[in-house]
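Respectively, the protein sequence lines represent chains F and C. Everything in the first sequence is counted per UniProt numbering, starting at 1 for the first residue and increasing by one. Everything in the second sequence is counted per UniProt numbering, starting at 1 for the first residue and increasing by one.
Treat the hints with care, as some may be off.
Stated by the list, open to error - Part of the chain F face toward chain C, derived, beta carbon under 8 Å:
#1 Lys59
#2 Met197
#3 Thr207
Treat the hints as calculated values from the structure; they're not laboratory data. We put the beta carbon where it would ideally sit given N, CA and C, even for glycine.
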Amino acid sequence: MDLDDDPGPTNAKVDIVSQELAEETPFQQLLRHWMNERHAPDILHAQEGLLGRLLDHIKKQTDDVQLLRADPDTSEDEHFRIMLVQTEIERVKFIIRSYVRTRLHKIEKYARYIVATPEMHERLTQAELDHARHYATLTETHFTRAVLQGLPDEQRSLDDQVPFLPPMLSQPDKTRAVFAHALVSCPPVHLPDGSVMEMTRGQISLTPYHVVEQLLMRGEVELV
Amino acid sequence: MALPPSLRTSVIPAELELIASEQLVEIIPSVAMERTAFISGAYGPLRPPAKCKVPIWMATNLKLKKKCHIVPPDWLNLETLQGRLLLETTRPEFSEMPFRFAEIAKVLLDIASDDFQEPDKIRSLLKDIREARQAKSREGLSKLDHSELSLPNLSSMEINEIRPFFVRSMGVLTQLVKDPEARQMEQ
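So here's chain C without its partners, still in its complex pose (with noise of 0.2 Å):
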């Protein structure tokens, strides 16, 4: 009954989705429905059309069953997107992004396109963004050394995404320092 090898070494995309999914949306209900004393907290009530916050796994739940309209969060549209990734291409920096963006972009564009206006262009946005940090990730790894990597605004899926190859190469360069000391020690 002990964790199943496949999730020993990291956790999975889909654990980061669950965990993102606690995190609150607003909607726009087309039920009603009493406040409701739930184990995270008590939602609701949900008054149509009055906009309610919701965790995101009950958003998920209730556009599924075409029970309401979600309203994207703030940095989830074009013109916020595209000032992102212009920086993300002038500059060598990190550009500041919620921690788990990556997660409820993708948990809100699957479920809710049609909530958004061109959900394909944010798409595409979103996967520029995506591969203007991955670039940077790849060049961080030539300022990794055995003792310290600090990783301002990186997000919690690009930090999944590095985790195996930089866990290791800080344990091979910690090997590598320690071994010079053990031999002199020897001597």
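Same shape as in the complex, but just chain F (with noise of 0.2 Å):
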């Protein structure tokens, strides 16, 4: 597992758990990855690293397969070769593309909220970032254009704060239940009742996001 990936801080409880998960092929990280993207309220840290070297060995195997395929030398053993590893390569795409679709789509939900806040920017790629202030400025441009320019002044604001009335700009829901599963012995967390929890290994728990949030970040839990 690589270290560059992990956001968390360098204390030994990390190291525990980058050796523990060792074992963890760069593909089984992005299947975990997605499943947490999939299943979080929030947006989690981009992946961009682990992206980058998977997709730049799909590109290596893409580019084997290639070679073999215009070599007329090619028997047909290796033709059933190929055709698995083309398999393979379809089915590592097929995630990539869910796993940046649904930060793409939570990206669009929250653009606004993105844009106004300064956590956020570092979760993101570049272009996911450039994407969020894109579809901010345009849904903006939207509203004003159909609908607010035609009302009274102070009614014209995208982002009121009238009290006992949910936010005008949306942001995740981080009181949602997750299913988190316990990848190690986690460090006790606070429960909304006052009580604290401390996750056993393998352990499944369904409690709000929240309570989790500081163990998925550093990848002791796993949303499933």
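With the hints in hand, could you dock these two chains into one complex?
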């Protein structure tokens, strides 16, 4: 496991985690991040390095396949292997696509919140951030042109803070429950009812997202 | 190009099947193949009739072309499943099953039922186990509160099945707990 992808603090705990996850291949890491991203209400840290490595690997496999295909001496058995390699390439591509599209969905949904919140910026790749900015501008312009410019000044704003009403700026609902699976024995976390939970390795719990958010960022739990 | 709306709330069984298909299964190949590097690792060499471990997706592919027999995993047979069913029906807790047993059993039984002894009995056992476990997860709903519910030995497919309802229920409970607090603050 590459420590570049691990945003957590470098203490002894993280070392244990990376050791235990050492056997995870890049593709298995992608599967884990894909599921995390699919289940988490919030946008997680981008896995640019991991995606880059996998895309390089896909390219290499594709090039090898092309080479073998072009070679007239390739035997029937070889064609069979080529077919298997291609099948796998398609599987990996599918998951990369689904992963990126999951992020894209959240980015578009929370575009205005992302632009307004600097902490979110570092979680996104440059391309994703550019897209969020562009998308936010686009929707704001559209709202203004379609409706808002016809309203009185005081009703034009898109981020009013009205007491007892949900904020106009839609943001990820961190109280939504997720199923967390502990990959290692985790440090204690506080539950909303005031008690403390210490997840043991292999434990599966249904709990609000904010409870396990830090554990997830450090890769100590995965969402299932 | 964002994720299609039908996939936004939860993952679908086909996707879980795709993940489970990365797991290894033993096959008896009938074709030879050199050791080959794949993205998920190197597999082979296939030397009939020696057994070899390959990912389930590859075994499926070979099986459909009638180029291998699949060796069922050690938990996927009548004896073990009967034992599990007995545990499921006599004990209150979930018995230990592989995390992705439902997906793996489905894929293997769908494409390689001829490699199993009495596949129909296995299917009906799996169905009984599933129903016994389903009843337990419904009971688990009564223990749900706004903060945490531990679900030992629940499998991936079962989690996916209860997800929409449990997640919403917890959301409602959170609201109920939050509202009295907010009201107190008001006063």
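Restraint check, 8 Å cut-off on beta carbons, for Lys59 of chain F near chain C: 11 Å, violated
Residue hint Met197 of chain F, partner chain C, criterion CB-CB below 8 Å: 6 Å, holds
Given hint Thr207 of chain F near chain C, where the shortest CB pair must fall under 8 Å: Holds: closest Cβ of chain C sits about 5 Å from Thr207 of chain F, inside 8 Å.
Comparing the model with each numbered hint stated earlier shows that hint 1 is the single one that does not hold.
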